[in-house]
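Participant: Given the sequences, and given the hints that come with them, work out the whole structure.
The listed protein sequences derive, respectively, from chains F and S.
Counting from 1, one number per residue, gives the positions in the first sequence under this note's numbering.
Counting from 1001, one number per residue, gives the positions in the second sequence under this note's numbering.
Don't take every hint at face value.
[Unchecked claim] In silico contact screen, one side only, chain F against chain S (beta carbon under 8 Å); selected entries:
(1) 35
(2) 194
(3) 198
[What the hints assert, rightly or not] If you want the ones that stay clear, here's a sample from chain F, every Cβ over 10 Å from chain S, calculated:
(4) 64
(5) 71
(6) 105
(7) 108
(8) 116
(9) 122
(10) 128
(11) 140
(12) 146
(13) 149
(14) 163
(15) 170
(16) 171
(17) 178
(18) 182
Just so you know, these hints were derived from the structure itself, not from any lab.
Here the structure is a predicted model, which is why all the values come from computation and not from measurement.
Where is the CB? At the ideal position from N, CA and C, for every residue including glycine.
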Amino acid sequence: MSAISETPTVGLTHAGSEDTGLGHRGPESKSIVVPYGFWLFVLSDMILFSALFATYASLVHATDGGPTTNQLFDRSLVAIETIALLVSSFVCGLAMIAAKRGNMLWTQGWLLVTGLLGFVFLSIELYEFASMIGEGAGPQRSAFLSAFFTLVGCHGAHVTAGLLWIGTMMAQIWAKGFRPHIMRRLLCLSVFWHALDIIWVAIFTIVYLIGTLP
Amino acid sequence: MTEREPEALNVAPGAPHDSMISETMAYVIGLGLALILTGISFWAASTSSLWGPGVAVGLVVLAIAQMGVHLVFFLHITSGPDNTNNVLALAFGVLIVFLVMVGTIWIMAHMNANMGVSPELMNLQMQH
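Facilitator: Below, the structure is given as structure tokens:
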């Protein structure tokens, strides 16, 4: 025991043979720490969505005599939305590849395509919301519709924020070039955009596909 | 244990690979798999050739598979030693998401079932 207590390390490490994980090398560089912190934010955002999903699942049959999921949802529109967001996520990856190589033209081009596809997604969603509200199926109609607009609207709000972020990043890359702090922001943006697509997978499955099963 | 470069100990989530070809291939494979899984989901939801009650469960499984594809091929979450921190954070997130969703749905379904037993009791409660 005395031999162990003399070593300055704590925990399960063998004295000095490898990295103790206790920071004797100092903290990781910003290029690791910043995206990791953002990853934690994205995961906590998914926990927020899980609460909205749980609310929706609890209230989906509470229609108060109003329209039900089968009467409201249009699968072909959802299919277009899904493809648009998926391809947008893919193109965002291509933008990251171009950005890593410092290629201004391709980075800006792919980011523009990413944003345009996100805009297509958002337009279809807003069209769907507007036509539902026009039919009298607004969020105040029933508990089910309140939960629906909260869940899908929250995702739409995230996509809107992502679009603004894409525009901001395009301007920053154009004005400042591929500096390290700009690249960190770009990496965070790509993590955010991919995460939105993951949440959309859950939405189109649980809300739209399972909601319109015969 | 060989000495590794400090930057090899951890990578950021979503960080690109070194080789442009392998990196592009990862995104192309991810897109292909996601498209296939999405296609199967929409097909399974519309066809009448599958056993009805099992379709919803199958759709959830397909969705979870597609989320996995996104995590691996788009966000580059791997089982490598440089990814341990990212995977641990993800595992904790998944745990909480699972607890919140399953716990809520379980409890609320039971409460619903208990509330629905007698309409007279419901009316009595409403009057208070």
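Participant: Each hint should be assessed against the structure and marked as holding or not.
Facilitator: To see whether the hints hold, each was checked on the structure:
1. A distance limit of 8 Å between C-beta atoms decides the matter here; for residue 35 of chain F the minimum to chain S is near 3 Å, and the interface restraint holds.
2. The beta carbon of residue 194 of chain F comes within 4 Å of a beta carbon in chain S, closer than 8 Å, and the hint placing it at the interface holds.
3. About 5 Å separates the beta-carbon of residue 198 of chain F from the nearest beta-carbon of chain S, less than 8 Å, and the hint is met.
4. In this structure residue 64 of chain F is separated from chain S by more than 10 Å, as the shortest Cβ-Cβ distance comes to about 14 Å.
5. Once the 10 Å rule is applied to beta carbons, residue 71 of chain F is consistent with being away from chain S; the minimum gap is 16 Å.
6. With a closest Cβ-Cβ approach of about 16 Å to chain S, residue 105 of chain F is found to remain outside the 10 Å limit, as its non-interface label requires.
7. Look at residue 108 of chain F: its CB is around 17 Å from the nearest CB on chain S, clear of 10 Å, so calling it non-interface holds up.
8. With a minimum CB-CB distance of about 17 Å to chain S, residue 116 of chain F clears the 10 Å threshold, and the non-interface call stands.
9. Distance to chain S confirms residue 122 of chain F as a non-interface residue, since its nearest Cβ pair spans about 19 Å, more than 10 Å.
10. For residue 128 of chain F, the non-interface assignment is confirmed: its Cβ lies about 17 Å from the closest Cβ of chain S, beyond the 10 Å cut-off.
11. Taking the minimum C-beta to C-beta distance to chain S, about 21 Å, the non-interface status of residue 140 of chain F holds against the 10 Å cut.
12. Even its closest Cβ contact with chain S, about 15 Å, leaves residue 146 of chain F beyond 10 Å, as expected for a residue assigned away from the interface.
13. With a least beta-carbon separation of about 19 Å from chain S, residue 149 of chain F lies farther than 10 Å from that chain, consistent with its non-interface assignment.
14. Taking the minimum C-beta to C-beta distance to chain S, about 18 Å, the non-interface status of residue 163 of chain F holds against the 10 Å cut.
15. No Cβ of chain S approaches the Cβ of residue 170 of chain F within 10 Å, the least distance being about 18 Å, so the stated non-interface status holds.
16. No beta-carbon of chain S comes within 10 Å of the beta-carbon of residue 171 of chain F; the shortest separation is about 21 Å.
17. Residue placement check: residue 178 of chain F keeps its beta carbon more than 10 Å from all beta carbons of chain S (closest about 13 Å).
18. Residue-level check passed: residue 182 of chain F sits 15 Å from the nearest beta carbon of chain S, beyond 10 Å.
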